[in-house]
Structures are given as C-alpha cells and as structure tokens.
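Given next are the chains, with one letter for each unit.
2 protein chains.
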Amino acid sequence: MYKSASNNNELDHLISLLSKIPGLGPRSARRAALQLIKKKDVLMRPLANALASVAENVHPCVTCGNLDIDNPCHICENGKRDQTIICVIEDVADLWALERAGSFRGLYHVLGGTLSALDGVGPDDLNIKSLMERAGDSNIKEIILATNATVDGQTTAYYITEQLKKFDILISRLAHGVPIGGELDYLDDGTLTTALNSRRPF
Amino acid sequence: MYKSASNNNELDHLISLLSKIPGLGPRSARRAALQLIKKKDVLMRPLANALASVAENVHPCVTCGNLDIDNPCHICENGKRDQTIICVIEDVADLWALERAGSFRGLYHVLGGTLSALDGVGPDDLNIKSLMERAGDSNIKEIILATNATVDGQTTAYYITEQLKKFDILISRLAHGVPIGGELDYLDDGTLTTALNSRRPF
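First to last, the sequence lines map onto chains A and B.
In terms of the numbering used here, the first sequence is residues 1 to 202.
In terms of the numbering used here, the second sequence is residues 1 to 202.
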C-alpha cells in the first residue's frame, strides 16, 4: 500500500496511480513522478494527452481482438495479407512480437488469455466462440496455435484443437526447440528433450 | 530505442512516452500500455487527468524548492514547524523520505542535485544562493546538511559548510553508522569503519 509522502493530495493521487502500472512499485512511482515533473513539457503533458487519446480512440478489433484505432483493425483490413491463415495468440503483446519478427503475413486471433482452472478462466471467458465462427468461414485453410509454451498455453491449444476438429482445416502449432543463438549448456531439460525428439534431417 | 510494435501511431507514441519513465524500458512500456488499456476507466483515464492536473498545479516552492500546489509550500507556511532550523537535502524525494520518517519538524531546502565535476554541475546550478539568503535571516539557528553519503553528496556538503562559515549558525550533518536492523556481516567496510570511529558511550 502506498504511504502518503508528499502531504499533497494531488501528487499523492498521481503517485498512487503510477504505482499501479505493472513494473512500477510505490518507490519507483515516486521517482517517476519527480522525473515527470522535471520534464513537464517534453514528457508529462504529452503523456497525459497520449493516455487520454488512446483511451478514447483505441479499441479491440471486432474480428480478431487486436487493438487499433480502426475497427476492423488494419491487419484484418489489409488485402495484401493472406486471408486463408489465422494465427491464434494469447495476448496483443504476442501479436506485436510476431509482427516485429515480420515473418507472418496472415491474420490473427487474440484469445485474451489462457484456460486456467486455478484462476477460474473457462472457454467462455476467452474469444474461442468467435474463433469457431471464423473457422466456419470457407476461406480459412490453416489455423496456427501460437499460445505460449506453458502448461496453461498448451492446455488451451489442446482444447481449441479438439473444438476445431469438426472443420476441414489444417491445425498447426509453433515448433519447439533450441532458440536461435541458444547454447545447449544453458537450456532446460524440457527444451533439450523436445529439440532432440523433434530433430530433423540436415 | 523503441521499435514500432503495433503499427499504430497513437499506441506507438504512448508506448514510446511510457518507456521514458524511469523504471520502465521498451518491453515493460508495452506491457504497461496493454494493462492501461485493459483498465481504461479505473486507471488510464484517471492517470491522464492526474498527470495533466499535476503538470498544471504543482510547482517548486519559491522558498525551499519543495513541490506543492501552494507557493510557498505547506511546510514553509506551517507555523507549527520550527522556523529556526533548515534541513538541506539534494532532492524532493529526500524531503519525502524525511517526512515519512516524521521525526524532523523544521524547514527544508532542496538543492536540486549535487556538485559534480563529471556532470558539469557547479554551485550556480544548485539552489545554494537562495540557501545563503535564508541563512542570512537572523531567525535561523541551525542548518543540517542531509545530502547523501556519496562522494558527490559529501563534496557538496563540504562546499556549503565553507560558504556558511561567515554566518553565526550551527552546522550539523546526519550521523553515519550501522543502519537500524543492519547486520555487521552484510555492511561495507566504509560504514563499519565510520561506525567504529564514531562510537558513543553506552
């Protein structure tokens, strides 16, 4: 809990809000507030405007769940992208990661999380129903399940695979193995075992 | 440098501003932006308003340099505080730390940094002149130099001590030694040596 520092309600309120940003705690929120005040014109006011503007204008895409000003989003609306392949990811951050890599030119579908018995997240809490609707579209030829390589991510991928079996669609998943630049000595046993079992002819 | 992730200028702009907050890098700024959008009404809009409002209303106190809506600040204006003693600190964060401790009831003077040959910070870049003016006031009986126990902090304290010698004022500094709760085994040699040299009768 944030303890009042400045005896100044307005500043305290700002610090308490800043401390709720993931990555900032009460201490770094105080440091951040002071830095922001020092850089009022180049950082603080622009940030206030950017926050207000994004809150107003950025919304999840009705089709894929991506965040964008346009709705449907610029990826769904981009005619140059492959409209026959959908990559299913957990979160918009994963979509951004794939877009940074720049090697996927199809469409996306953001689940909005993973199934989790522990956290009480069931199929209805994720964008699975809308994925089924898109899969029913005769255009779609392949669905790549790119959930994280975690227990919850893989459970979710398995569940979706089961649901998709009724459609005549190729279902694939990302390859698991040694990351590029990775040294065997530093890899965990699970990754090494997977890499060995999935070995491919040179 | 932040690499565009979302292909969305407005979001990219927000992320690039967030990544300039101390404590957040490009990666955590992306995470923060997504969290903020998820919590639009409870976090994002209030934060935008708080930033704009603090940018507009909070200013450094003309007397001591503390940040406040009022000017002079609520500490300078508080008649119940001891008006004869000034505690000199480097930064507003240090003022907040002392106020949290709650054991000092005098006035403050914020230097705004330390002397640093390396960073090209000279006496004129700090609020030293205004401190001299306050010291010239016949009310002031003691000045506590509470700069950090770093090389720059101590150099600055030494410089100010020299400047204050012409006034008939008691000049003191914070005690150095073993922190409360500190274990000798984990302390650095400098602190242990200081604690030993400054030992006091039981």
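It is possible that part of the hints are untrue.
Stated by the list, open to error - Simulated pairs of lysine-lysine, PhoX-like, Cα-Cα distance not exceeding 25 Å:
#: 1; chain 1: A; residue 1: Lys39; chain 2: B; residue 2: Lys129
#: 2; chain 1: B; residue 1: Lys20; chain 2: B; residue 2: Lys40
#: 3; chain 1: A; residue 1: Lys38; chain 2: B; residue 2: Lys129
Stated by the list, open to error - Stretch by stretch, here's where chain B covers chain A in the computed footprint (C-beta under 8 Å, at least three residues):
#: 4; segment: 21 to 31
#: 5; segment: 67 to 77
#: 6; segment: 84 to 95
It should be emphasised that the hints constitute simulated quantities derived from the structure, not laboratory data.
Note that the coordinates shown come from a computational prediction; the quantities given were computed from them, not determined experimentally.
For each residue, glycine too, the CB sits at the ideal point set by N, CA and C.
Evaluated hints:
no., hint, verdict
1, Lys39(A) / Lys129(B), "24 Å, holds"
2, Lys20(B) / Lys40(B), "21 Å, holds"
3, Lys38(A) / Lys129(B), "21 Å, holds"
4, 21 to 31, "holds (count 7)"
5, 67 to 77, "holds (count 5)"
6, 84 to 95, "holds (count 3)"
Checked against the numbered hints given earlier, the structure satisfies every one of them.
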